[in-house]
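Visitor: My request is simple: use the sequences and hints to build the entire structure.
Respectively, the protein sequence lines represent chains W and E. Quick note on numbering: the first sequence equals residues 1121 to 1485 in the numbering used here. Quick note on numbering: the second sequence equals residues 1121 to 1485 in the numbering used here.
Because the hints were derived from the structure by calculation, they are not lab data. Heads up, the beta-carbon is just placed ideally off N, CA and C, and yes, glycines get one too. Some hints could be false.
Claimed, not checked - Distance windows between CB atoms, simulated:
id, chain 1, residue 1, chain 2, residue 2, range
1, E, 1260, W, 1479, 28 to 36 Å
2, W, 1320, E, 1339, 34 to 42 Å
3, W, 1312, E, 1424, 43 to 51 Å
4, E, 1228, W, 1482, 55 to 63 Å
5, E, 1345, W, 1394, 16 to 24 Å
6, W, 1392, E, 1439, 42 to 50 Å
7, W, 1312, E, 1335, 27 to 35 Å
8, W, 1346, E, 1444, 41 to 49 Å
9, W, 1198, E, 1434, 42 to 50 Å
10, E, 1260, W, 1396, 27 to 35 Å
Unchecked claim - Within a straight-line C-alpha distance of at most 16 Å, the following computed EDC-like cross-link-like pairs (lysine to aspartate or glutamate) qualify:
id, chain 1, residue 1, chain 2, residue 2
11, W, 1147, W, 1440
12, W, 1423, W, 1259
13, E, 1402, W, 1421
14, E, 1335, W, 1355
15, E, 1402, E, 1195
16, W, 1402, E, 1421
17, E, 1130, E, 1472
18, W, 1313, E, 1440
19, E, 1193, E, 1152
20, E, 1313, W, 1456
21, W, 1332, E, 1473
22, W, 1130, W, 1482
23, W, 1313, W, 1171
24, W, 1344, W, 1357
25, E, 1130, E, 1450
26, W, 1335, E, 1440
27, E, 1323, W, 1357
28, E, 1147, E, 1479
29, W, 1130, W, 1475
30, W, 1344, W, 1315
31, E, 1332, W, 1440
32, W, 1323, E, 1357
33, W, 1402, W, 1171
34, W, 1480, W, 1259
35, E, 1313, E, 1171
36, E, 1188, E, 1171
Protein chains: 2
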Amino acid sequence: MLLFCGMPEKLFSYQQLLNFTAKIFQKIGCSEKDATVAATALLSADLRGIDSHGVARLTGYIRLWEAKRAIAKPEIRILHETPSTAVVDGDAGLGLVVAPFAMHVAIEKARQVGTGWVSVQNSNHFGIAAYHALKAVKEDMIGIAMTNASALVAPTFSVERLLGTNPICVAIPAGSEPPFVADLATTTAANGKLEMLQRKNQKAPEGWIQDKYGKSSTNPHELKAGGALLPLGGDYEHGSHKGYALGAIVDIFSAVLSGANYGPWVPPFPAFIPMPTNMPGKGIGHFFGAMRIDAFRPAQEFKQHMDRWIQCFRSARPVEGQEQVLIPGDPEREMETERLQRGIPLLHAVVEDLEWLGEKFELHL
Amino acid sequence: MLLFCGMPEKLFSYQQLLNFTAKIFQKIGCSEKDATVAATALLSADLRGIDSHGVARLTGYIRLWEAKRAIAKPEIRILHETPSTAVVDGDAGLGLVVAPFAMHVAIEKARQVGTGWVSVQNSNHFGIAAYHALKAVKEDMIGIAMTNASALVAPTFSVERLLGTNPICVAIPAGSEPPFVADLATTTAANGKLEMLQRKNQKAPEGWIQDKYGKSSTNPHELKAGGALLPLGGDYEHGSHKGYALGAIVDIFSAVLSGANYGPWVPPFPAFIPMPTNMPGKGIGHFFGAMRIDAFRPAQEFKQHMDRWIQCFRSARPVEGQEQVLIPGDPEREMETERLQRGIPLLHAVVEDLEWLGEKFELHL
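Guide: Written out as structure tokens, the structure is:
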């Protein structure tokens, strides 16, 4: 038992959680292959320390399936394509299965014509964007992944919530250095950080949230009282119109381009929240890109320069009190190494959820 | 004469400034066609209200030419290409000429295979990103433009300046609504806003700049004393690591992918600042993208949904004191309409610079 933020935790091995998750997905009807794909994608969040997006959400996915908002045996297909693009219909399958399919299409197109770009409709939550973008890195490609999500964020000057936390990930291979992996919600703070403050009943910094009148607030519970998360920047003076624009781009690439729902019409992840009415599309949307490095310059040459770039930034003089300048992806990679070795700590509430699932499907955690 | 921020201003018609600028570029040896291309790109900044990037920089370009850091008759060429990608060598030509060439290549590739992506080396300042991205919109494509720039920005936890203000523009066509045009420096505030505070000797908000020790500062003059601009977000607690990551992505796409200079090695715009030593590439770098809408779904259908998206956001309930929620590109488009009609106001110092150029090249402003 570990103590972290006052919440009791328990350690599990990666393999144990992966097997359990894959078996749960099989129990709801996923093929063995799809179940493994989905479990691997989901667990990558726990490995990288994005605890809000990992097995903590497994019950959420199962409840989506129970509510018939996600199905276990989708017929995922390409609706339309050109040599460098495709639109994929996820057929309401698990986003954890739909996204790897779509990313694979992007990579194959990049192999043929240099780059591949795939917009996806009729999907749901795909886990963490970095997992999908990193698939391209293994092929000496730059990987890009983004997704829209249900509306929690108020654009600059808006009282209403119109955008999700809409993350963007760009993963770039290097040579002797590990890859550059930027995976960022287009808000000041991810929703997971706010949930942590709610549990601990602590104040949020200015610039994270607004109340139901659109006034800046430090009360982490405002979100449940009609408030909203704020776009990266926080307020207009600090560039929140830029964070709003970035979230909007993710929404448009993922949904307006594919025929998914956008803005306030994106279906919620919690199955108990009613679906929006008058929806303009199908499910939630994602957008993926793959760019072959050697479609621009020899991969070896590029990687040598990436190494120089990374070494230059990492060796820059840090401000007092900081050890060094980080490269995007550094903290998550270190976490992954540690958790593969020492195990993944789960909050007591998450363990209870998993045990409940185990009982329901007659499986042992 | 207008009075604006205490600085005397004078109004000029768009056509007058365009003709003058094109003639100046011809005087340094540009072909008539290139001179018009460059002048049109440069003046688009003045029309859109980005005064720091318009004719105010004309003397800067001429000084780059005098210092032989920019040449008037470049042999711009494609170094390498695949069906959806190209690397362009700008041959040290004016960025205002190199960028339209590269964007044209991206658009032609999109016509053929759905999307086109072009990374550019050996260029210099290209004006405003929006001008180039908007070229695609006229072809029913999404346009993307970004560029790196000389280092003024300190990554999160860094004392050193390693990135430029590295803007990203994404321009997206709509139907009856005007296009969505997000053009954003990846810093909290653009350098132009800081220059305005310097002139007026006013304090900057927290989160815009740091001093030479990496401490947050409100003194707008810190930048000249070894300080730095801060990435969008301002500090770690407010997501500056995200702004840093976005600026880094622009740097890598524009320069590591093309063979231009990156990080602290990007050549400065002012010709009097010495060039960095031990440079890893050629000139500054840009990155352009064009995605044909109908490579994803019928353009008409997409535009109808963009109209619905825009109308939904614009009609959202605004916070008290604000008229309405804006769509990215609204303020610049309104400015363009106004300035085409009423003229472009130039600061007295800018007029003096242009008159100096006029005398030098025997031209009348």
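Visitor: Next, verify each hint and record whether it holds.
Guide: So, going through the hints one by one against the coordinates:
1. E/1260 / W/1479: 28 to 36 Å: violated (55 Å)
2. W/1320 / E/1339: 34 to 42 Å: holds (36 Å)
3. W/1312 / E/1424: 43 to 51 Å: violated (36 Å)
4. E/1228 / W/1482: 55 to 63 Å: holds (60 Å)
5. E/1345 / W/1394: 16 to 24 Å: The hinted range 16 to 24 Å is violated for residue 1345 of chain E and residue 1394 of chain W, with Cβ atoms some 57 Å apart.
6. W/1392 / E/1439: 42 to 50 Å: Violated, at about 30 Å.
7. W/1312 / E/1335: 27 to 35 Å: holds (29 Å)
8. W/1346 / E/1444: 41 to 49 Å: violated (20 Å)
9. W/1198 / E/1434: 42 to 50 Å: violated (34 Å)
10. E/1260 / W/1396: 27 to 35 Å: holds (29 Å)
11. W/1147 / W/1440: violated (53 Å)
12. W/1423 / W/1259: Judged against 16 Å, a Cα distance of about 13 Å means the pair holds.
13. E/1402 / W/1421: holds (15 Å)
14. E/1335 / W/1355: At roughly 21 Å apart (the allowed maximum being 16 Å), residue 1355 of chain W and residue 1335 of chain E break the hint.
15. E/1402 / E/1195: holds (15 Å)
16. W/1402 / E/1421: Judged against 16 Å, a Cα distance of about 15 Å means the pair holds.
17. E/1130 / E/1472: Cα-Cα ~11 Å, so holds.
18. W/1313 / E/1440: Violated, at about 28 Å.
19. E/1193 / E/1152: holds (11 Å)
20. E/1313 / W/1456: Roughly 41 Å between the alpha carbons, so the hint for residue 1313 of chain E and residue 1456 of chain W is violated.
21. W/1332 / E/1473: Violated, because 50 Å separates the two Cα atoms, which is more than 16 Å.
22. W/1130 / W/1482: violated (21 Å)
23. W/1313 / W/1171: holds (10 Å)
24. W/1344 / W/1357: violated (26 Å)
25. E/1130 / E/1450: Between residue 1130 of chain E and residue 1450 of chain E the Cα gap is close to 25 Å, so the pair fails against 16 Å, i.e. violated.
26. W/1335 / E/1440: Judged against 16 Å, a Cα distance of about 9 Å means the pair holds.
27. E/1323 / W/1357: holds (13 Å)
28. E/1147 / E/1479: Satisfied, since the Cα-Cα distance of roughly 12 Å is no more than 16 Å.
29. W/1130 / W/1475: Since the Cα atoms of residue 1130 of chain W and residue 1475 of chain W sit roughly 13 Å apart, the hinted pair holds (cutoff 16 Å).
30. W/1344 / W/1315: holds (11 Å)
31. E/1332 / W/1440: holds (11 Å)
32. W/1323 / E/1357: Holds, at roughly 13 Å.
33. W/1402 / W/1171: violated (28 Å)
34. W/1480 / W/1259: Violated, because 40 Å separates the two Cα atoms, which is more than 16 Å.
35. E/1313 / E/1171: holds (10 Å)
36. E/1188 / E/1171: With a Cα-Cα distance of about 26 Å, the restraint between residue 1188 of chain E and residue 1171 of chain E is violated, given a limit of 16 Å.
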